[in-house]
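Student: This is what each chain is made of:
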Amino acid sequence: MDGIHDLGGKQGYGPIEVGDDDRPFHSEWEGREWGIAQCARAPGITIDWWRHCRELIMPLDYLERPYFDSWAQTDFATYIEAGWMTLAEAAAGKAPAAPDSTDPPQPMSLQQVLQEDRAHAIRFDGEVETAAAFSVGQRVITAQHGHAGHSRLPQYARGRNATIHAYNGAHVFPDLSAQGTEIHQHCYNVVFVAADLWPEAAGSKDQVYLDLWESYLSGA
Amino acid sequence: MPDFDAKKVAEIHQHLHSHLPSESALRVKALETLLVDKGLVNPQTINAWVEAYSEEIGPKRGARVVAKAWSDPAFRQRLLDDAPAAIDELGYLGKATAHLKVVENTDAVHNLVVCTLCSCYPFSILGIAPAWYKAAAYRARAVRDPRGVLAEFGVDIAADVEVRVWDSTAELRYLVIPQRPAGTDDMSEAELAGLVTRNSMIGTDRELGRE
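Chains as they are written, first to last, in our numbering: chain V, 1 to 220; chain A, 1001 to 1211.
Rather than coming from a laboratory, the hints here were simulated on the basis of the structure. Think of the CB as a built atom: it goes at the ideal place given N, C-alpha and C, for glycine as much as any other residue. Wrong hints could be hidden among the right ones.
Unchecked claim - Quick look at which bits of chain A chain V covers, simulated, 3 or more residues with Cβ under 8 Å: (1) 1017-1025; (2) 1074-1084; (3) 1155-1164.
Said to hold, decoys possible - Here are the simulated lysine-lysine pairs, DSBU-like style, with alpha carbons at most 35 Å apart: (4) Lys94/V with Lys1007/A; (5) Lys1008/A with Lys1134/A; (6) Lys1068/A with Lys1134/A; (7) Lys1029/A with Lys10/V; (8) Lys1029/A with Lys1060/A; (9) Lys205/V with Lys1068/A; (10) Lys1060/A with Lys205/V; (11) Lys1038/A with Lys10/V; (12) Lys1068/A with Lys1038/A; (13) Lys1060/A with Lys1134/A; (14) Lys94/V with Lys1038/A; (15) Lys1007/A with Lys1134/A; (16) Lys10/V with Lys1134/A; (17) Lys1029/A with Lys1134/A; (18) Lys10/V with Lys1008/A; (19) Lys205/V with Lys10/V; (20) Lys1134/A with Lys205/V; (21) Lys1134/A with Lys94/V; (22) Lys1008/A with Lys1038/A; (23) Lys1029/A with Lys1008/A; (24) Lys1038/A with Lys1007/A; (25) Lys1007/A with Lys1068/A; (26) Lys94/V with Lys1008/A; (27) Lys1029/A with Lys94/V; (28) Lys10/V with Lys1007/A.
Generate the whole structure from the sequences, applying the supplied hints.
Tutor: Set out below in C-alpha cells:
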C-alpha cells in the first residue's frame, strides 16, 4: 500500500530529537499498552495483518499520535474487525456487565512472563518445494509497483537495481500473511548502492540493505 | 476470527478518530478496561510485562552480548554464524530475535539500523526502542541521509568509511557490534559491557570510550 507508513527517503521531517534517555516508558499508559499488546492478540490474527491495520490509520493520526497510542488504536481496530468488541464499546470505554469469557486468564508472574518472552522468539522460516531463483552475487531488479494491500517492498526501493547479498531461507510471505494465508517464499538480503537510490548520493560508496521476498525481484 | 477486511478497518479507524478520547492515557485506559471487563486480559499480567521490560529485558542484555563478543573470539564466531543460538546461550533469545543477525563495525565500515515501514526492533536484547527510532524523522532520513542523521547524534563519519544502512522491514533483526575501544585490554567482560551504549548497538553511536 502506498501509505503514510512508507517513510523511507521522504523529505521535510526535519531534525531528529536525539536526546532520549534510557527509560523504556515515558508515561504509565505506554507501559500499559505494551503489556496489552503482549497478552491480548485476537485469535487468528497474523503479525502482518496487525501491521497492515496500523498502516490503515488515517494519515494525520498516523503522523501526529504517539507511537504506543497508534498501537492502541491498531488493537482497537483489530479487535473490532475480529468481533472481540464493538465500536460502541470502544467509544464508551466499557463493556456490558457480564464478561464474554467464562474462563478469564489467570495472572502471570514476572517469571512466567519472562518465559513467555522466550516463547515469542517466533520463527518465520519453513520449507518450500521450489529452488531459490537467485544466488548470492546475482544482479536483480526490484518490482516497479506495489499493490493496495500489505507489502514489505518500500517505495524507495522499487524499480531499482540491486545485488543479492545473502539468502535468508524461505520466510512467511507478508503480502499473503496479511490476508490470513501463511505461505513461505524465498527471502534474500539485497544490497543497493545508495547512488542507485538517491540523486544526492552520486559517487558515494554507502549502501542500503533490505530483506526482500523473491516475488519482489526479477533478474536484471 | 478476523475477516482480513482492510476496507472495514479503514472505516473503523475513521470512527475511532471521531469517537475515541483525544488523550492517549484515556484511550489506553479504555482499551484495558474493556479487555479486563470482557475477561480477555488479566491486569496483573500487564503489570508483569511492564516490569519485565523495565527491569529485566533491555539494552543491558545487548551490551553483555557485545562485551562477550569482544572478549571471547569463539563466542564472536558463533554470534556471526548463528546469532539466535549464540544469544540463547545467555538466555536472551526471545521476542523478535529468532532471526537476529549481527553486523560488525570496523575501521572501514559503519552500520546503522532502521525500520522504514514500522519500527521493527530486536526487543529481547535491546528492550523498548528509543523514541527517536520510532519517529518519522529517523525512519524517513536514515536510509537517505545516514551521514546527516549520524551528525545529529554527534557522530562524524570520515569520507573513506562506508556506511551500511540495514532497513529491517522483514523478520530479520540487526544488532550492531561496535568496535572495542582501545586501551581496554585489562577490563573484564562486565566492565566492558558498561562501555556499550544502546545507541552504539543501533548504530547512532560509534566511538566508545572508557568512562
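Student: Now tell me if each hint is right for this structure.
Tutor: Evaluation of the provided hints:
no. : hint                     : result
1   : 1017-1025                : holds (count 6)
2   : 1074-1084                : violated (count 1)
3   : 1155-1164                : holds (count 3)
4   : Lys94/V with Lys1007/A   : holds (26 Å)
5   : Lys1008/A with Lys1134/A : holds (27 Å)
6   : Lys1068/A with Lys1134/A : holds (28 Å)
7   : Lys1029/A with Lys10/V   : holds (34 Å)
8   : Lys1029/A with Lys1060/A : holds (30 Å)
9   : Lys205/V with Lys1068/A  : holds (31 Å)
10  : Lys1060/A with Lys205/V  : holds (33 Å)
11  : Lys1038/A with Lys10/V   : violated (42 Å)
12  : Lys1068/A with Lys1038/A : violated (46 Å)
13  : Lys1060/A with Lys1134/A : holds (20 Å)
14  : Lys94/V with Lys1038/A   : holds (9 Å)
15  : Lys1007/A with Lys1134/A : holds (26 Å)
16  : Lys10/V with Lys1134/A   : holds (15 Å)
17  : Lys1029/A with Lys1134/A : holds (22 Å)
18  : Lys10/V with Lys1008/A   : holds (28 Å)
19  : Lys205/V with Lys10/V    : holds (21 Å)
20  : Lys1134/A with Lys205/V  : holds (27 Å)
21  : Lys1134/A with Lys94/V   : holds (30 Å)
22  : Lys1008/A with Lys1038/A : holds (23 Å)
23  : Lys1029/A with Lys1008/A : holds (24 Å)
24  : Lys1038/A with Lys1007/A : holds (26 Å)
25  : Lys1007/A with Lys1068/A : violated (49 Å)
26  : Lys94/V with Lys1008/A   : holds (22 Å)
27  : Lys1029/A with Lys94/V   : holds (10 Å)
28  : Lys10/V with Lys1007/A   : holds (26 Å)
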